[in-house]
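Per the working numbering, residue 6 is the first one in the sequence shown, and the count goes up by one each step.
The set of hints was computed from the structure by calculation and includes no laboratory data. Only a predicted model underlies this, so the values are computations on that prediction, with no experimental measurement involved. For each residue, glycine too, the CB sits at the ideal point set by N, CA and C. A hint or two may mislead.
Unchecked claim - What follows is a set of in silico ranges between Cβ atoms, one per label pair, in the way DEER data are often shown:
1. Glu248 - Arg202: 15 to 21 angstroms
2. Glu251 - Arg26: 18 to 24 angstroms
3. Arg17 - Gln59: 34 to 40 angstroms
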Amino acid sequence: MAKSAVKQPETRLGLVRRARRTTRVLALGYPDAHCELNFTNPLELLVAVVLSAQTTDVRVNQVTPALFRRYRTALDFASADRTELEEILRPTGFYRAKANSVMGLGAALVERFGGEVPGRLEDLVTLPGVGRKTANVVLGDAFGVPGITVDTHFGRLTRRWGWTTEEDPVKVEREVGGLVERRDWTLISHRTIFHGRRVCHARTPACGACLLAPLCPSYGIGQVDPAKAQKLVKGDEAPHLIELAERVRAGEKLA
Numbered sequence: 006m007a008k009s010a011v012k013q014p015e016t017r018l019g020l021v022r023r024a025r026r027t028t029r030v031l032a033l034g035y036p037d038a039h040c041e042l043n044f045t046n047p048l049e050l051l052v053a054v055v056l057s058a059q060t061t062d063v064r065v066n067q068v069t070p071a072l073f074r075r076y077r078t079a080l081d082f083a084s085a086d087r088t089e090l091e092e093i094l095r096p097t098g099f100y101r102a103k104a105n106s107v108m109g110l111g112a113a114l115v116e117r118f119g120g121e122v123p124g125r126l127e128d129l130v131t132l133p134g135v136g137r138k139t140a141n142v143v144l145g146d147a148f149g150v151p152g153i154t155v156d157t158h159f160g161r162l163t164r165r166w167g168w169t170t171e172e173d174p175v176k177v178e179r180e181v182g183g184l185v186e187r188r189d190w191t192l193i194s195h196r197t198i199f200h201g202r203r204v205c206h207a208r209t210p211a212c213g214a215c216l217l218a219p220l221c222p223s224y225g226i227g228q229v230d231p232a233k234a235q236k237l238v239k240g241d242e243a244p245h246l247i248e249l250a251e252r253v254r255a256g257e258k259l260a
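Build out the structure end to end from the sequences listed, making use of the hints.
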């Protein structure tokens, strides 16, 4: 009798092993993955993340040089001239609401934390406009405290990988945190986000040019033809990612 083509359910141990192998392969694909918002200190990063809501990091990075030259401290933001601030923030969209956010953020930092950005999650999430996603970005990239950043890319990819079925970001964070070693939390966040922006797109993933193809239970939901898939790969890393995918397609194990 022929064997059933139905795969056996993945065990918890199997899932952990696959997740950790995925992190190692992503490290080969994106060794330089990082926060794509430009900043020089925790306050600048915190403000930049708040401004990134409903816009791109590229657009935020176009605005922040002038913003950070004009407003250097939490007190500067708290006491900003609203009209002037709104004009600077206009290109990011929703500029009136964002002006309210950064002014309120500056005031809260001055009143409760001596004008300094706190380095603890429980403190950061008490600030106006700051949720766990923003807090984890700041902790991981400004303070070196491991944190998982669940944005739309991260949630989409971890569900495609079968790491979680949850939609709620807090639950996704908890489940993924149980699969990946804590020391890797910040980098797996960046690398997953990079992969989501460059290869595993929301509408048409470049499955045929993906270095994670053997590890992904969702392989085939996108373009599987290698030549066509390669045209979908974005970013400066595209040649490197395509070369790794070709090695995988030839049967090589990357990690």
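Evaluated hints:
1. Glu248 - Arg202: 15 to 21 angstroms: Distance hint for Glu248, Arg202 holds at roughly 19 angstroms.
2. Glu251 - Arg26: 18 to 24 angstroms: Once the Cβ atoms are compared, 19 angstroms apart, the range 18 to 24 angstroms for Arg26 and Glu251 holds.
3. Arg17 - Gln59: 34 to 40 angstroms: Holds, at about 37 angstroms.
In this structure, every one of the numbered hints holds.
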